[in-house]
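Fit chain B to the known structure of chain A by using the hints.
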Amino acid sequence: MSDNVVEVRNLEFAWQAKLGNVLSIPTFDLARGERCFLRGPSGTGKTTLLSLLGGMVVPDSGTISVDGIDVGQLNGPRRDRFRADRIGYIFQMFNLIPYLSPLQNVLLPCRFSSQRLARIDGEPAAEASRLLSQLGLSTDIIHRRAAALSVGQQQRVAAARALIGKPAIVIADEPTSSLDSDARGSFIELLFDECQRNGTSVLFVSHDQALASHFDRSLDLAEINQVVSA
Amino acid sequence: MNVLSLAFASLANRKFTVLLTVAAIALSVALLIGVERLRDGARNGFSNTISGTDLIIGARTGQLQLLMYSVFRMGNATNNITWQSYQEIAADPQVEWTVPLSLGDSHRGYSVLGTSAEYFERYRYGRKQPLAFADGAQFDDLFDAVVGAEVAEKLGYKVGSEIVIAHGLGTSFAEHDDKPFVVAGILARTGTPVDRTVHVSLEAIEAIHVGWESGARDPGMNVTKDQAREMEFRPTSVTAFLVGVKSRLGIFKLQRAVNEYRAEPLLAIVPGVALQDLWRMLGVVEKALFAISVCVVITGLIGMLSAILTSLNERRREMAILRSCGARPWHVFALLIGEAFIVTLGGILLGLIILFGALIALRPWIEERFGLYMSLAAPGASEWMLMLIVLGAAIVIAVIPALLAYRNSLADGLTLRV
Numbered sequence: 001m002s003d004n005v006v007e008v009r010n011l012e013f014a015w016q017a018k019l020g021n022v023l024s025i026p027t028f029d030l031a032r033g034e035r036c037f038l039r040g041p042s043g044t045g046k047t048t049l050l051s052l053l054g055g056m057v058v059p060d061s062g063t064i065s066v067d068g069i070d071v072g073q074l075n076g077p078r079r080d081r082f083r084a085d086r087i088g089y090i091f092q093m094f095n096l097i098p099y100l101s102p103l104q105n106v107l108l109p110c111r112f113s114s115q116r117l118a119r120i121d122g123e124p125a126a127e128a129s130r131l132l133s134q135l136g137l138s139t140d141i142i143h144r145r146a147a148a149l150s151v152g153q154q155q156r157v158a159a160a161r162a163l164i165g166k167p168a169i170v171i172a173d174e175p176t177s178s179l180d181s182d183a184r185g186s187f188i189e190l191l192f193d194e195c196q197r198n199g200t201s202v203l204f205v206s207h208d209q210a211l212a213s214h215f216d217r218s219l220d221l222a223e224i225n226q227v228v229s230a
Numbered sequence: 001m002n003v004l005s006l007a008f009a010s011l012a013n014r015k016f017t018v019l020l021t022v023a024a025i026a027l028s029v030a031l032l033i034g035v036e037r038l039r040d041g042a043r044n045g046f047s048n049t050i051s052g053t054d055l056i057i058g059a060r061t062g063q064l065q066l067l068m069y070s071v072f073r074m075g076n077a078t079n080n081i082t083w084q085s086y087q088e089i090a091a092d093p094q095v096e097w098t099v100p101l102s103l104g105d106s107h108r109g110y111s112v113l114g115t116s117a118e119y120f121e122r123y124r125y126g127r128k129q130p131l132a133f134a135d136g137a138q139f140d141d142l143f144d145a146v147v148g149a150e151v152a153e154k155l156g157y158k159v160g161s162e163i164v165i166a167h168g169l170g171t172s173f174a175e176h177d178d179k180p181f182v183v184a185g186i187l188a189r190t191g192t193p194v195d196r197t198v199h200v201s202l203e204a205i206e207a208i209h210v211g212w213e214s215g216a217r218d219p220g221m222n223v224t225k226d227q228a229r230e231m232e233f234r235p236t237s238v239t240a241f242l243v244g245v246k247s248r249l250g251i252f253k254l255q256r257a258v259n260e261y262r263a264e265p266l267l268a269i270v271p272g273v274a275l276q277d278l279w280r281m282l283g284v285v286e287k288a289l290f291a292i293s294v295c296v297v298i299t300g301l302i303g304m305l306s307a308i309l310t311s312l313n314e315r316r317r318e319m320a321i322l323r324s325c326g327a328r329p330w331h332v333f334a335l336l337i338g339e340a341f342i343v344t345l346g347g348i349l350l351g352l353i354i355l356f357g358a359l360i361a362l363r364p365w366i367e368e369r370f371g372l373y374m375s376l377a378a379p380g381a382s383e384w385m386l387m388l389i390v391l392g393a394a395i396v397i398a399v400i401p402a403l404l405a406y407r408n409s410l411a412d413g414l415t416l417r418v
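Residue numbers (the numbering used here), protein chains in the order written: chain A, 1 to 230; chain B, 1 to 418.
One thing to keep in mind: the hints can contain errors.
Over 10 Å on every C-beta distance to chain A, these chain B residues come out as not near it, computed from the model [what the hints assert, rightly or not]: (1) Asn2; (2) Ala12; (3) Arg39; (4) Phe133; (5) Asp140; (6) Leu289; (7) Val294; (8) Glu318; (9) Arg328; (10) Gly346.
Restraint ranges, calculated between C-beta atoms of paired labels, are given here [to be verified]: (11) Thr17(B) - Ala125(A): 24 to 32 Å; (12) Ala212(A) - Leu345(B): 51 to 59 Å; (13) Leu404(B) - Pro77(A): 54 to 62 Å; (14) His207(A) - Thr17(B): 38 to 46 Å.
These aren't lab readings, by the way, just hints derived from the structure by calculation.
Backbone N, C-alpha and C fix where the C-beta goes; we use that ideal spot for every residue, glycine too.
Looking at chain B on its own, in the form it has when it is part of the complex:
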């Protein structure tokens, strides 16, 4: 304790360099733990996005691509599935339920998903949690829409708000403004892409595209909302569909059947397997991130080492005085280890403050921008372990200057070099 208080006084005497070292370690620790949180957030975000669905079926493409556009609303489908194929597969005796997904339009940057009412019942996320309505209910009228939590929050929508859907994805100049939708329901937050989706009925997708067959509005073909309600819409295709099977044994049988489907090239994926694949692919990035943050921590510790080593020579006199006052060589050793301990501990604590400050400040932005939910929870066992390893590494590194000082103090004895 005595030596530690000496170490503290000695550090206080070199405030500026010490603070720089502490700051370097703090930033590196904040980065290290931040990356850990990001990994956890990403992993949970991915694996919790969809559950309770046995197969996702779409036009033949890569397994990841199908997963990305059908679940994460990222990228585009290369092809649609004909309504006929959809009907045929849905009629397979293995199939218990299907939910069609029709993508391709957007609303102010948010994806518009055409689907059936069953979607709200069948879609599950996390631990098979169903979707819940924060307000309103699912669509009833042809021009009803159900918006995700983030859409409602960011765009300030309430039940009854009117929204116009744009043709195509992203910011589009072509808007289906002749047929605005009315928000009928708002979903509770899920932390999945559902929050960023505007849901309408499959028929509505067809309805707004009446007169748009060429890809842009055809001036000669104007159909009003009321006229549209009178019309009957038979979807001609869907982008993909979710399938639930009657027995788990049926999954692979059905998957094979779909993959060998004659009428058109289709692909069936098991969401859990595809998610794992996706995660494995991202795992490289994740590991690279972790490796970089480890390197940053090492840089921080080397900075501390060089700061201590530089100070050693000018502190030889200090050590000799301590020796003349009765300090034993191991006191000198302990003094330097103690300094490294205090600096690193200070760095870790400051790092946690920086990390949590940044998390509180940036979390909403990260969640909105990347759909990553980063936990604000107190550090868990693995994070404490990381910090402990940093502290341990600092102490191990400090053995170098401590041994040098120990040796110097044995050699110098009480001779004071001016």
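Bound conformation, chain A alone:
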């Protein structure tokens, strides 16, 4: 297994052939444990790249390997399993299942991935509580309804959920855009602390250039994508 968590080679992808390629990436690597900031205006294919990495869609040509697995070679159910086992996601907002408590939300990936469950040392619930308090949430909120939390609290719960069971990579799609600027910084630092413990890589997509300084590497999608957006 290479030291890269993500290796993209000669990737071509179009949503519809007649509309032309959205992505054309000769090479893109993400090292194990590396924290990469990916920016770019909307509509340039950031979310498409994330979908490809998660195996929601497969490339038209080229290869994508994540954690040593060639995603394009997997069939649908296997890609689902691969995603559940190896990737933690954080989205922009409304990340939580409203009818589950924060604790149950954090434990959600363990319901669907036995690997994530197996990678937890000790009790899953204890690990979930640890992650929540690590991310700065007080223990009294963890049994409340998720919908009753503030947006900032919700994003921390979502981060804890992405981290549970030590996925190889955390993919975050504008997770801080609904937070105020003070909260953004602390959110990212807390996320990184936890990723560092487990050697989890982070691919963080945002158009907020101010956050780039927190990362090992900052990258504009236009630097790797040869498709020039109209």
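Structure of chain B alone, referenced to chain A:
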């Protein structure tokens, strides 16, 4: 199991609509099983009413009408049979026994039946069970009466109570209050119209009508009880009579003979055949009832379907989050099927609670009012099968929203629509 617990949490989040759906299904299931019980009760009630009697003979009328008034005490005889005809038929060599029935009077809404002492020996119900006395014995004195279990219970009669018989049926202002009867015996409960009958001797029917020949009391003709006991009463007619034959082969021969009787138009019916006819006629009603309750169940299930479908769009985000946490499309499919399963199962259980609650509360009333005995027994195989079919239908129906959600979740992937 995981998905089912998720389904449960998701339903708990939508308590109000879910409870409404559960209630709709519960009511429909209660109705469905209730109608089943009613059918069983009615069927058993009918077929168990009379047994051991080979023929019922009355004035010529419809087969069902004769059955109705002679056995169920419903409706009126159009004509009586003369005592002479009765005597002649009773003397037929095929005949083993006869029991005369004389109807037409009532006591506080209950029919009064004039008959012979043999009635208590010959009348059989259910599986040829004879009548039994809960208290007292059959009539001895001219003014003795034997009351059915329900009459005694509802009117609080004991052996020795005095009762006055009204002239005619229903609530009548003309009462034979000059000649009260004394309760001599109380019959054990049978679950048949016998429970709702006051039995007196055939002679007593004649005796109370002395001085009533015009149909109302004739003031000039007053006969006291003691005088009456001294008189001899020869019945002039009976309403109908029950016949037992010596050999079963004789039944149809005798029936034909009676139906071709010269002196007056008579009708002989075989109770089993007539009961079957009656049941077949009621079977249409019964099937209609069943069809209606099936429709109600379908309505309940469509209600559930629409509730799930309505929720689908607002739950697309929920599904996408589940997918991002590793749920596979079939998990989304199973989640929706699981919800339908839980809702329907809850509805069925609540329906059973409602049904048994209603049965416990309404059974005495139904029994009293309609003479229908509804069983309180635990659901039988056919009832469990009905409930299983409801559950199965719910799951089949839920495939529609489950497939939609499955397709949505494949198409949406991880994109969260706000």
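So which of the earlier hints does this model not fit? When the structure is compared with the hints, numbers 1, 2, 8, 9 and 13 turn out to be violated.
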